[in-house]
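Position 65 of the sequence shown, counted from 1, bears residue number 1312 in the working numbering, the numbering being contiguous throughout.
No false leads were mixed into what you were given.
When the alpha-carbon atoms are kept at most 30 Å apart in a straight line, the in silico DSS-like pairs for lysine-lysine are as follows: (1) 1344 x 1372; (2) 1400 x 1390; (3) 1407 x 1343; (4) 1390 x 1372; (5) 1381 x 1400.
Label-pair distances were calculated between CB atoms; the ranges are: (6) 1502 x 1326: 55 to 61 Å; (7) 1260 x 1509: 53 to 59 Å; (8) 1487 x 1403: 44 to 50 Å; (9) 1356 x 1403: 21 to 27 Å; (10) 1486 x 1267: 51 to 57 Å; (11) 1354 x 1435: 57 to 63 Å; (12) 1267 x 1330: 18 to 24 Å; (13) 1460 x 1330: 42 to 48 Å; (14) 1394 x 1459: 17 to 23 Å; (15) 1409 x 1505: 43 to 49 Å; (16) 1270 x 1436: 56 to 62 Å.
In case anyone wonders, no lab produced these hints; they're calculated from the structure.
Where a beta carbon is used, it is the ideal one built from N, C-alpha and C, also for glycine.
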Amino acid sequence: MDFQRKEAYGVYDLEEIMTILRGEGGCPWDREQDHHSIRNNFLEETYEAIDAIDREDPEALREELGDVLLQVVFHAQMEAEKGGFTLDDVADGICKKLILRHPHIFGDTVAATSEEVLRNWDAIKQVEKGQKTKTDTLVSVPKAFPGLMRAQKVQSRAAKAGFDYDSLDGAFSEMEDEVAELWRAIETGERAGIEEELGDLLFAAVNVARFVRADAEEMIGRASDKFIDRFRVVETLAAERGLELRQMTLDELTALWNEAKEKLQG
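Whenever a hint applies, use it, and build me the whole structure from the sequences.
Printed below as a string of structure tokens:
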């Protein structure tokens, strides 16, 4: 095999390695893959990189960014084999996009604030993507986004079109209305209605998050972390007292939960 080992490698060495792995006599697993078979790998590697950012672990971030980069090179190599596009084409596309969407740097447009930059970015993007209506901008939000993230993005774009409440009061009132509608659906016992109203409630809650300038996806993550921390303390307290969670009453569990909450807050 004609491959030169080095003390340090670059991006195009990664491309060469992937070409070898996908080539004749290469790795059977790598040769079998297509865009769809490694789709979830891309997603997982991206989340692992985000986790490294959240943990403020630069060494882990370096490694995870490498895994993300591998996915980019992997997909580009698949297309290159079919005569589609190459890694250079990918780089060319993003370079041209950055130049086009920064006319205040590479052109004569003036944008002195971040707000002006974002307005220009959105306007240029709408023309670039051929989005002729505001609905087009909503439809373009990827369905593959996590649900809360997609909902907040859709709401933000609708708000930019002028479709929004005047204040938090309106968004909060809508959330309260959705709670009432969900209860009515639960009372009927009709499954489709319950699911629809639950979705509406979640969507309304995301709108409240947007008004208070909170990231709904991040907030649900924090809430999950908080629940896990409290549950860990509850389980520890129960074990110390020789109690089995499954055999405890709701009142006993609630008491332990409140005790765990106080311990963590203390």
